Amino acid sequence: MSIQIKQISKQFGDFQALKPLDLTINEGELVGLLGPSGSGKTTLLRIIAGLETADQGQILFSGKDVTNLHVRDRKVGFVFQHYALFRHMTVAENVAFGLDVLPKKQRPTKATIKQQVAELLDKVQLSHLASRYPAQLSGGQKQRIALARALAMQPRVLLLDEPFGALDAKVRKELRRWLRNLHDELGFTSVFVTHDQEEALEVSDRVVVMSQGQIEQEATPQDLYQQPASRFVYDFLGGVNVFEGEVSSLKSNRLEQGKAWVAFPDGYKAEAGQLYLRSHELSLSNQPSATAHLPLKIKAVSLIGAEVRVELEPLGWHSQDLWEVVISHSHYNHWQPQRGDTCFAQPQAGQLFTSNENQALAISWTKEQLLIKTA
Amino acid sequence: MSNHKISHQQRIGDQPWLRRLLIGLAFLLVGVLLVVPLIAIFAQALSAGLNVFWVNVSDKYTLHAIGLTLLVAALTVPLNLVFGVFLAWLVTRFEFPGRRILMTLIDIPFAVSPVVAGLMYLLLYGSNGWVGSWLMEHDLQLMFAWPGIVMVTVFITCPFVARELIPLMQQQGSSEEEAALSLGASGWQMFRRVTLPNIKWALLYGVVLTNARAVGEFGAVSVVSGNIRGETNTLPLHVELLYQDYNLVGAFTSATLLAALALLTLVVKTFLEWRQQQSAS
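Protein chains in written order, with the working numbering: chain A, 3 to 377; chain B, 696 to 976.
Check each hint, because a few of them may be wrong.
[Stated by the list, open to error] Pairwise CB distance ranges, derived in the manner of DEER restraints: (1) 803(B) <-> 4(A): 50 to 56 Å; (2) 168(A) <-> 791(B): 29 to 35 Å; (3) 755(B) <-> 137(A): 27 to 33 Å; (4) 803(B) <-> 113(A): 52 to 58 Å; (5) 14(A) <-> 867(B): 35 to 41 Å; (6) 133(A) <-> 886(B): 23 to 29 Å; (7) 791(B) <-> 92(A): 35 to 41 Å; (8) 866(B) <-> 204(A): 33 to 39 Å; (9) 315(A) <-> 868(B): 40 to 46 Å; (10) 881(B) <-> 311(A): 54 to 60 Å; (11) 324(A) <-> 866(B): 39 to 45 Å; (12) 966(B) <-> 129(A): 36 to 42 Å.
[Unchecked claim] Pairs of lysine to any residue residues, derived as SDA-like cross-links and limited to a Cα-Cα distance of at most 25 Å, are as follows: (13) 66(A) <-> 886(B); (14) 172(A) <-> 187(A); (15) 77(A) <-> 207(A); (16) 895(B) <-> 135(A); (17) 106(A) <-> 892(B); (18) 107(A) <-> 886(B).
[Said to hold, decoys possible] Covered, in the sense of this in silico footprint (three residues per stretch, anywhere, with C-beta under 8 Å from a C-beta of chain A), are these stretches of chain B: (19) 853-864; (20) 872-886.
In case anyone wonders, no lab produced these hints; they're calculated from the structure.
Bear in mind the structure is a predicted one, so any value in this text is a computation, not a measurement.
Quick reminder that beta carbons are idealized off the backbone N, C-alpha and C, glycines included.
All chains should be modelled from the sequences, with the hints used to inform the complete structure.
Following this line, the structure appears as C-alpha cells:
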C-alpha cells in the first residue's frame, strides 16, 4: 500500500510541529524518518497512523483518502517506542488482541486464533514465552512481541516509532537486521522514526531527514551521505569538521582564519563562509602543503575499529568543536603520532557554505592533484 | 587523608534507649488515642448486657437510620465511581483549556469544611434559596429530606476516586490505549479490556475510601438533614441524637455499628493495598 501525504500540517498550542509538507511513500518501501527531537518526525508518523489528526492536508493510502478515517479503521500496524504491551495480559493474549476484538462475524474461531498466535510467535522466535507477562521479558523480547502483535492484523502498512531506541547496542543491531529481513519477506510498506543516523542509513530504502517540522531532504542512504542537501543535514549526519574563514587579503583564492588558511583549487573562487570537511576527507602529515596550512595538536588517538581516529585541537585558530580525522592503520604504523604532537591537515574534498546560502559548493582538491600528477 | 579516628558513626535512633523510647511513645499514643476509645465504645454499648444492646439495635429509629445510611452510600458510591473515572480519564488523556483549573477544582470538597459545604447547599437548594424556591414551586423538596443528604455526601466524597486514579493514569500514560485502538478495538473494548484492568485496584481503593466517608459523614449531613427521627436521620446523626437524649447505651450501640463498618473498611483497604503492590511488582 502506498502512502501519500499532501500539505499536512500540525500545531500544538503555539508550537508548529509540522509545517505543510508533502511526502510520497511507495508500496513496499522501507522509509526512515530521521531528525532530532522536536523535528516533527513522530508527529508525522502518528498522523499517518491516525493517532493524531492533522490541522490541514490530506493522507491517501493507495490513492484512497483516509484523512478522516479513525485509527481503528486504518488497519495499520503501529509499534510504540516503549512497546505499550498490555501489562495484565500474557504474551499470547497480547498477540491475540487484534483478532479477539474483531466483530463476531469476522472473528476467527478460538482454535484458529490460537494457531495464528502460535505461528506469529514462531516468526518472532519467542514461542517459549507465550505464557509470560510483559514485565518478565527483556527489552528486545518486548519489542519483538510488540511487532508480532501488530503483524497479527496482517497490516499492509507498518509504522514504528523509535523501534530500537531503548535497547542496548548489540540487540539493536540484531533487531535492525531482523526487521529488514521481515520487511523483505512480508512485503509491507514500512515507515520508522529514528534519531540515529546510522540506523536510518543502514535499514532504509529511503531516508527522509526532518528538522523543525519540515523535510530537509529525501534521498537514498547513498545519495544522502554523498550529497547532503543542506547545512543541517550535513551537521546532523555527523563526523564533520568546520573551518570558518574570510577571504585572504593577499590571495583571492584563500580562505583564512588567523594564521591558518586553505587555498581553493583552480576554478573555485574563495568566499567567506564555513568549509565542511568530513573526517575521512582529510589527511594528516608533519608538514603543511602548498594548498593548506591547518596546524593542529593531537589530543587523542583511538585505534579501535578498521581505522585510526585522531582527535585534534586547532593551533592558533578556532573551531567550535574538536576536529576528528580518520587515518588508516598502515599510515598510523608508519607515522606513529603521539598525543601532544603537532601536525597539519590537508583537505581532499569538502563543501563550502557561504553565510547567506543554505546550498553548499562542493570542492575537490584530489582532482587538481591528479591533474598535476598526470601533467 | 585526615588522621582523625573514625568515631562510631551513629544514625538517629541507633541508641537502644532512644529507640525504645520512640517505639514506646508511638504505641502509647496509638493506644490512648485510638485503641482505648474504640474499646470504650464497645464496652459502653455492652455495659447493660447483650439484651439491651440487641433491643437498642432493633429499635425502629435505629433500623431506619441504618437503612438510610446504607441507601446514601449505595447511591453515592456508584455515582462517584462513574464521575471519578470520567474525570480522571478527562484530565489525564486530553489536553484542553481549563484542564489545570479543573484539576484544582476537584480538591474543593477536601479544602472546604463539611459544615460550610452543607450550608452552601442549604442556601442554594433550601426553600428560600435561588434554586430551592423554584423547586418549591414545583413541589420538589431537596433539603431536610434524603435527596439533600445524598447531594452533600456526593459533594464531600467526589474527589476520592479521581484523586486515586489521576496519578496512576498519568504514570501509565495512554500508549496501551492507543495500541488497543490501532489494533482495531472499539472505545468500549479498549476501556473494558485495557484501561479498566490497569486501574482496577486503585479504583476499588477509591471506592472503599468513598464508602467509608459516605457512611460516616456528619457535618454536612447534619446541616441539610433537619434531624427528623425515622425520616432524615443517618447513623452518625442518630448517635448524636441519642446522646443528647441521655440514652448513653443507645448512642454507643449505634456507634459500635459505625465502628464495625470502619473496621471492615480498614480490612478491605489493607487487602486492596496489598493487592495493588502485588500487581505493581
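Hint-by-hint comparison with the structure:
The hinted window of 50 to 56 Å between residue 803(B) and residue 4(A) holds, with their beta carbons roughly 54 Å apart. In this structure the supplied range 29 to 35 Å holds for residue 168(A) paired with residue 791(B), their Cβ-Cβ distance being about 30 Å. Between residue 755(B) and residue 137(A) the Cβ separation comes to about 56 Å, which falls outside the hinted range of 27 to 33 Å. At roughly 55 Å, the beta carbons of residue 803(B) and residue 113(A) sit within the given window of 52 to 58 Å.
Checked against the hint of 35 to 41 Å, the C-beta distance between residue 14(A) and residue 867(B) comes to roughly 22 Å, which is inconsistent with it. Between residue 133(A) and residue 886(B) the Cβ separation comes to about 26 Å, which falls inside the hinted range of 23 to 29 Å. The supplied range of 35 to 41 Å is met by residue 791(B) and residue 92(A), whose beta-carbon atoms lie about 36 Å from each other. Taken as a hint, the range 33 to 39 Å holds for the pair residue 866(B) and residue 204(A), whose Cβ atoms sit roughly 35 Å apart.
The hinted range of 40 to 46 Å is satisfied by residue 315(A) and residue 868(B), whose Cβ atoms lie roughly 45 Å apart. Residue 881(B) and residue 311(A) have their C-beta atoms about 55 Å apart, which keeps the hinted 54 to 60 Å range intact. A C-beta distance of roughly 41 Å is found between residue 324(A) and residue 866(B), which places it inside the suggested range of 39 to 45 Å. Between residue 966(B) and residue 129(A) the beta carbon distance is about 37 Å. The supplied range of 36 to 42 Å therefore holds.
Taking the CA atoms of residue 66(A) and residue 886(B), the gap is about 30 Å. The hint is violated against a cut of 25 Å. At roughly 23 Å between alpha-carbon atoms, residue 172(A) and residue 187(A) fall within 25 Å of each other, so this suggested pair holds. Annotation: proposed proximity of residue 77(A) to residue 207(A) holds, straight-line Cα distance about 23 Å (limit 25 Å). With a C-alpha separation of about 18 Å, the suggested pairing of residue 895(B) with residue 135(A) holds against the 25 Å cut-off.
Between residue 106(A) and residue 892(B) the alpha-carbon distance is near 23 Å, which keeps this suggested pair within the 25 Å criterion. The hinted pair formed by residue 107(A) and residue 886(B) meets the criterion: a straight-line CA distance of about 22 Å does not exceed 25 Å. With a cut-off of 8 Å between beta carbons, the stretch 853-864 of chain B has 0 residues touching chain A; three or more are needed, and the interface restraint is violated. With a cut-off of 8 Å between beta carbons, the stretch 872-886 of chain B has 10 residues touching chain A; three or more are needed, and the interface restraint holds.
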